[in-house]
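Asker: In case you want the letters, here they are:
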Amino acid sequence: MVIEAKITAPTIITLDHGAVRELRLNHPPANALSPQLIAALREAVVGAPRDGARALVLSGAPGMFSAGLDVPLLLTLNRAAIAEVWHDFYALLRTLASSSVPIAAAITGHAPAGGTVLLLFCDWRGMAEGDWKIGLNEVQVGIPLPPVIFAALKRQVGSRQAERLAAGGLLISVAEAASIGLVDEALPGERVVKRAVEWCQSLLALPPQAMAATRREARADLVRLFEQSLDREIDEVIANWWSDETQTVLKSLAERLAEKKST
Amino acid sequence: MVIEAKITAPTIITLDHGAVRELRLNHPPANALSPQLIAALREAVVGAPRDGARALVLSGAPGMFSAGLDVPLLLTLNRAAIAEVWHDFYALLRTLASSSVPIAAAITGHAPAGGTVLLLFCDWRGMAEGDWKIGLNEVQVGIPLPPVIFAALKRQVGSRQAERLAAGGLLISVAEAASIGLVDEALPGERVVKRAVEWCQSLLALPPQAMAATRREARADLVRLFEQSLDREIDEVIANWWSDETQTVLKSLAERLAEKKST
Amino acid sequence: MVIEAKITAPTIITLDHGAVRELRLNHPPANALSPQLIAALREAVVGAPRDGARALVLSGAPGMFSAGLDVPLLLTLNRAAIAEVWHDFYALLRTLASSSVPIAAAITGHAPAGGTVLLLFCDWRGMAEGDWKIGLNEVQVGIPLPPVIFAALKRQVGSRQAERLAAGGLLISVAEAASIGLVDEALPGERVVKRAVEWCQSLLALPPQAMAATRREARADLVRLFEQSLDREIDEVIANWWSDETQTVLKSLAERLAEKKST
Numbered sequence: 001m002v003i004e005a006k007i008t009a010p011t012i013i014t015l016d017h018g019a020v021r022e023l024r025l026n027h028p029p030a031n032a033l034s035p036q037l038i039a040a041l042r043e044a045v046v047g048a049p050r051d052g053a054r055a056l057v058l059s060g061a062p063g064m065f066s067a068g069l070d071v072p073l074l075l076t077l078n079r080a081a082i083a084e085v086w087h088d089f090y091a092l093l094r095t096l097a098s099s100s101v102p103i104a105a106a107i108t109g110h111a112p113a114g115g116t117v118l119l120l121f122c123d124w125r126g127m128a129e130g131d132w133k134i135g136l137n138e139v140q141v142g143i144p145l146p147p148v149i150f151a152a153l154k155r156q157v158g159s160r161q162a163e164r165l166a167a168g169g170l171l172i173s174v175a176e177a178a179s180i181g182l183v184d185e186a187l188p189g190e191r192v193v194k195r196a197v198e199w200c201q202s203l204l205a206l207p208p209q210a211m212a213a214t215r216r217e218a219r220a221d222l223v224r225l226f227e228q229s230l231d232r233e234i235d236e237v238i239a240n241w242w243s244d245e246t247q248t249v250l251k252s253l254a255e256r257l258a259e260k261k262s263t
Numbered sequence: 264m265v266i267e268a269k270i271t272a273p274t275i276i277t278l279d280h281g282a283v284r285e286l287r288l289n290h291p292p293a294n295a296l297s298p299q300l301i302a303a304l305r306e307a308v309v310g311a312p313r314d315g316a317r318a319l320v321l322s323g324a325p326g327m328f329s330a331g332l333d334v335p336l337l338l339t340l341n342r343a344a345i346a347e348v349w350h351d352f353y354a355l356l357r358t359l360a361s362s363s364v365p366i367a368a369a370i371t372g373h374a375p376a377g378g379t380v381l382l383l384f385c386d387w388r389g390m391a392e393g394d395w396k397i398g399l400n401e402v403q404v405g406i407p408l409p410p411v412i413f414a415a416l417k418r419q420v421g422s423r424q425a426e427r428l429a430a431g432g433l434l435i436s437v438a439e440a441a442s443i444g445l446v447d448e449a450l451p452g453e454r455v456v457k458r459a460v461e462w463c464q465s466l467l468a469l470p471p472q473a474m475a476a477t478r479r480e481a482r483a484d485l486v487r488l489f490e491q492s493l494d495r496e497i498d499e500v501i502a503n504w505w506s507d508e509t510q511t512v513l514k515s516l517a518e519r520l521a522e523k524k525s526t
Numbered sequence: 527m528v529i530e531a532k533i534t535a536p537t538i539i540t541l542d543h544g545a546v547r548e549l550r551l552n553h554p555p556a557n558a559l560s561p562q563l564i565a566a567l568r569e570a571v572v573g574a575p576r577d578g579a580r581a582l583v584l585s586g587a588p589g590m591f592s593a594g595l596d597v598p599l600l601l602t603l604n605r606a607a608i609a610e611v612w613h614d615f616y617a618l619l620r621t622l623a624s625s626s627v628p629i630a631a632a633i634t635g636h637a638p639a640g641g642t643v644l645l646l647f648c649d650w651r652g653m654a655e656g657d658w659k660i661g662l663n664e665v666q667v668g669i670p671l672p673p674v675i676f677a678a679l680k681r682q683v684g685s686r687q688a689e690r691l692a693a694g695g696l697l698i699s700v701a702e703a704a705s706i707g708l709v710d711e712a713l714p715g716e717r718v719v720k721r722a723v724e725w726c727q728s729l730l731a732l733p734p735q736a737m738a739a740t741r742r743e744a745r746a747d748l749v750r751l752f753e754q755s756l757d758r759e760i761d762e763v764i765a766n767w768w769s770d771e772t773q774t775v776l777k778s779l780a781e782r783l784a785e786k787k788s789t
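Each protein sequence line maps, in turn, to chains A, B and C.
Under my numbering, read the first sequence as residues 1 to 263, first letter to last.
Under my numbering, read the second sequence as residues 264 to 526, first letter to last.
Under my numbering, read the third sequence as residues 527 to 789, first letter to last.
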């Protein structure tokens, strides 16, 4: 029941299923989080309730939800631009965490690193069955996991699993993600967006004030992460980005990606 | 091994199994929590250790543990009386949380809303297998879940499940309740009270001071919920009760219940 | 690939598997935690990074990881000596929690009481399949579970399971321990040390600064337990030790152990 489909930005397709708006990441080939996509997604989430959307579905392409931060592109940026990227990424996470309307993630495929970060701040997560990888592999690519993201992971899967996943930089299977609660449901890929829309509709069928107040209470700990000053944390994240280790590992990763593309 | 059976109040049957006292809710047809049952239950829990009971079992009728707050009755009460009900209900929860003796819930059947609230503040929960429903469906009936109850739910099942169950106002099956830890065991209905008594006896067989001190430490977070001032929270719960949305939904619920009774 | 094997102390065998150092408890018959073993283990953990070890494996004997505190021996000690034991035991736990290098527990067999305490402060826990028992049965032997240990248990398995296990003083099976997350993996006994070494190697293969920073963030709550003053807590633990109940239960336990030995 798609009523309206339009392109609001080059990188995001907006599809309205009644009062539920789907924001489909559309930045081929990997839905990598470029500065433009980060800004566009934040704007789309902020703007949706103003357009009358009462819930959101965040989806990607079949087989690829989002590969996370666009490392090859970010490696071309100078210090000022990198600082802006990280401030904007934190602003996006805050926007997702404190959204006045529920957000369901329809994880249509791979969701490593930044792909997993996004879904931690949503209300619900359904993931397509298949040979997709999910997890916070930041450590594998030389990036210490930022504390706010670790806190959201811990809230999602508990202290023990959060320590195991984060320190090991683990990518895991869909089945394991469902079994430890990193996602709420695993289901056939062709049904994942539909189920996310239905999940939103089930919330919208409830008495709205009681639902909104209870949802607010349940997510207060997530919102609270952003109510302290995060300037120092973000400064440290940025400083880490420019460390020798991180730069070396990221450059080697970008080279591997470039070789893969050219073969 | 029932040594003594007497009726201490019209609404609760007291059965002593040695040092373990069973408090059986006996307010047909649904063990709905009327102001009288709330007061009687609190009194029974407070009084039991004075009578020599060293542990408690809280049980209901086969197929019906408790349907939660007695909405049709509460809808007839004025503002002063509603305020008293909520203050008394919070006092009951505090009494359960800080009980000096262990309390096992023998969930003999349905336990929606207030039925589930009670068991969150007990030490252990066994539930009868069968087609019974359990969960905090407050949102479904227009009541924002009170923060103290959300905190107890989160302690029981973790942040992710608590958010999912509370915001969605979900009623779930016995199997799901056991699988996510909302109850500790699912077992045949005819054994649920017996098992709860045995669970109590297993605690009473331990060195009493070591058990009591460790139990106190383990439940300190639950007791701490009541050590802050809750006046403001209770005021808000009461204000919500009188909101248009809540009154409308509750009245429509009461009408459906009345129709069901008359057919 | 054992490069070097030497005996650093009568009670601990040190085996270097490349950069991963195995500390094998070697205090027959039960690897009971005597004051000497506690001191030796702490020294070995502190000293390992200075010797170039980049990760540690803590193992025991086949069928017996550690039986916990050496109760028969401790019962012969005077007040000053008991106070020293508890201060040293807390110092050991702090050393494990704040170790600059990852520690994997290879739980080769039984791990009751103090045996379980040790592994709660490690980074990862693999346990040998078999008819071994694990759990914090302190309450069964008359010792209230110290708050720092309860907090570590809660971090490991969540509030509900921590309350159940601690207040009941439960010893559980390997399968149950794996299912509730008290251990991370159950595997054949002959593979448990090898797997612990491999787990360490998987962490050491990661970019070292990103791994170390993320590991620090993930374990900050565990380290924080020791950053408050624990003098009062330790004083209470020591006072409990000399209580009538504890002394009576421990003496009866020691007698049973002596009888078992003599038959």
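One thing to keep in mind: the hints can contain errors.
Coverage of chain B stretches by chain A, computed from C-beta distances (three or more under 8 Å per stretch; other residues unrestricted) [unchecked claim]: (1) 284 to 293; (2) 419 to 431.
Distance ranges between label pairs, derived from CB positions [unchecked claim]: (3) L599/C - D235/A: 32 to 42 Å; (4) S436/B - T248/A: 47 to 57 Å; (5) L204/A - K523/B: 55 to 65 Å; (6) S705/C - D498/B: 36 to 46 Å; (7) T248/A - P536/C: 40 to 50 Å.
Which stretches of chain A does chain B cover? Using the computed rule of at least three CB atoms under 8 Å from a CB of chain B, they are [claimed, not checked]: (8) 38 to 44; (9) 82 to 96; (10) 148 to 157.
In short, the hints are calculated from the structure, not lab data.
A quick note: this is a predicted structure, and the numbers were derived from the prediction, not measured.
Where is the CB? At the ideal position from N, CA and C, for every residue including glycine.
Asker: So, for every hint listed, does it hold in this structure?
Answerer: Against the structure, the hints:
Proximity of the segment 284 to 293 of chain B to chain A, defined as three or more residues with a beta carbon under 8 Å from a beta carbon of that chain, is not established by the 0 residues found. Counting residues of the segment 419 to 431 of chain B whose C-beta sits closer than 8 Å to any C-beta of chain A gives 10, which meets the bar of three, so the coverage hint holds. In this structure the hint that L599/C and D235/A lie 32 to 42 Å apart at CB is violated, the actual value being about 53 Å. Range check, S436/B to T248/A: about 53 Å between beta-carbon atoms, so the 47 to 57 Å window is met.
Distance hint check: the CB atoms of L204/A and K523/B are about 26 Å apart, inconsistent with the given range 55 to 65 Å. A hinted range of 36 to 46 Å for the beta carbons of S705/C and D498/B is consistent with their spacing of about 43 Å. Checked against the hint of 40 to 50 Å, the pair T248/A and P536/C passes, with Cβ atoms roughly 45 Å apart. Counting residues of the segment 38 to 44 of chain A whose beta carbon lies closer than 8 Å to any beta carbon of chain B gives 0, which falls below the threshold of three, so the coverage claim is violated.
With 0 residues bearing a CB less than 8 Å from a CB of chain B, the segment 82 to 96 of chain A misses the requirement of three and the coverage assertion fails. Only residues whose beta carbon comes within less than 8 Å of a beta carbon in chain B count, and the segment 148 to 157 of chain A has 3; three or more means the coverage holds.
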